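A.B. asks: Here is how the chains run, residue by residue.
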Amino acid sequence: DAMVIQNPRYQVTQFGKPVTLSCSQTLNHNVMYWYQQKSSQAPKLLFHYYDKDFNNEADTPDNFQSRRPNTSFCFLDIRSPGLGDAAMYLCATSRPQIQGYNEQFFGPGTRLTVL
Amino acid sequence: AQKITQTQPGMFVQEKEAVTLDCTYDTSDPSYGLFWYKQPSSGEMIFLIYQGSYDQQNATEGRYSLNFQKARKSANLVISASQLGDSAMYFCAMIQGARGGKLIFGQGTELSVKP
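Chains as they are written, first to last, in our numbering: chain Y, 1 to 115; chain Z, 1 to 115.
List of simulated lysine to aspartate or glutamate pairs, EDC-like, C-alpha gap at most 20 Å:
#, chain 1, residue 1, chain 2, residue 2
1, Z, 3, Y, 57
2, Z, 102, Y, 57
3, Y, 38, Y, 62
4, Z, 73, Z, 26
5, Y, 44, Y, 62
6, Y, 44, Z, 44
7, Z, 3, Y, 59
8, Y, 17, Y, 77
9, Y, 38, Z, 44
10, Y, 44, Z, 110
11, Y, 44, Z, 26
12, Z, 102, Y, 103
13, Y, 38, Z, 110
14, Y, 52, Y, 77
15, Z, 3, Y, 103
16, Y, 17, Y, 85
17, Z, 73, Z, 22
18, Z, 102, Y, 59
19, Z, 3, Z, 29
20, Z, 16, Z, 110
21, Z, 114, Z, 86
22, Z, 102, Y, 53
23, Z, 102, Y, 51
24, Y, 38, Y, 77
25, Z, 16, Z, 61
26, Z, 114, Z, 17
27, Z, 16, Z, 86
Worth flagging that the hints you see were computed from the coordinates, not collected in a lab. Predicted model, so just to flag it, every value in this text is computed and none were measured.
Only chain Y is shown next, with the shape it has when bound in the complex:
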């Protein structure tokens, strides 16, 4: 089945130690998103790629970076994780809309713990 895959599902890191979360998709979608979801909160968009075009949200901290080496893969790098970065990180994909809007397909998420 076509899907969005995130690895690892659970990640534990130490305060200040860089960490990379990965997302891959078999849907061949042009657009890939990274959302941060803190406990009992709604998901919040960090950035997205439209093909190779990177779109950063204005309030996304510089501590968060992303790479998309090809259509299938997208990475989220947290350069110096703080305790406040502990959250669920959700990757999503979508086709660009031709008419109306297309749903975003989400991966299972990576739950990040910062010690």
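Go by the hints and put chain Z onto chain Y.
C.D. replies: Only chain Z this time, still in chain Y's reference frame:
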């Protein structure tokens, strides 16, 4: 600014009964899309139903229907014949913008289905 409001933090429903989850939105853009997602305790966001701002008919997908009242800026989700597996967090979201678009989520409603 765009905003989604879900005023019911938690809801209970008896198995096999119908339940309505409320969602209101605010936008000045005439073109937008409205989505409902289900998030079980495992964390994955599951797409349920979509309504475009120009759609004339209310969207339906199996047991899910969307009561779209454009003048009131509301997009309530109706789940008919509730099942135990419907227990989850439900998010209403709005999308705007070309080239990928950005999902703006409400705060969510936690639905508990009682046997």
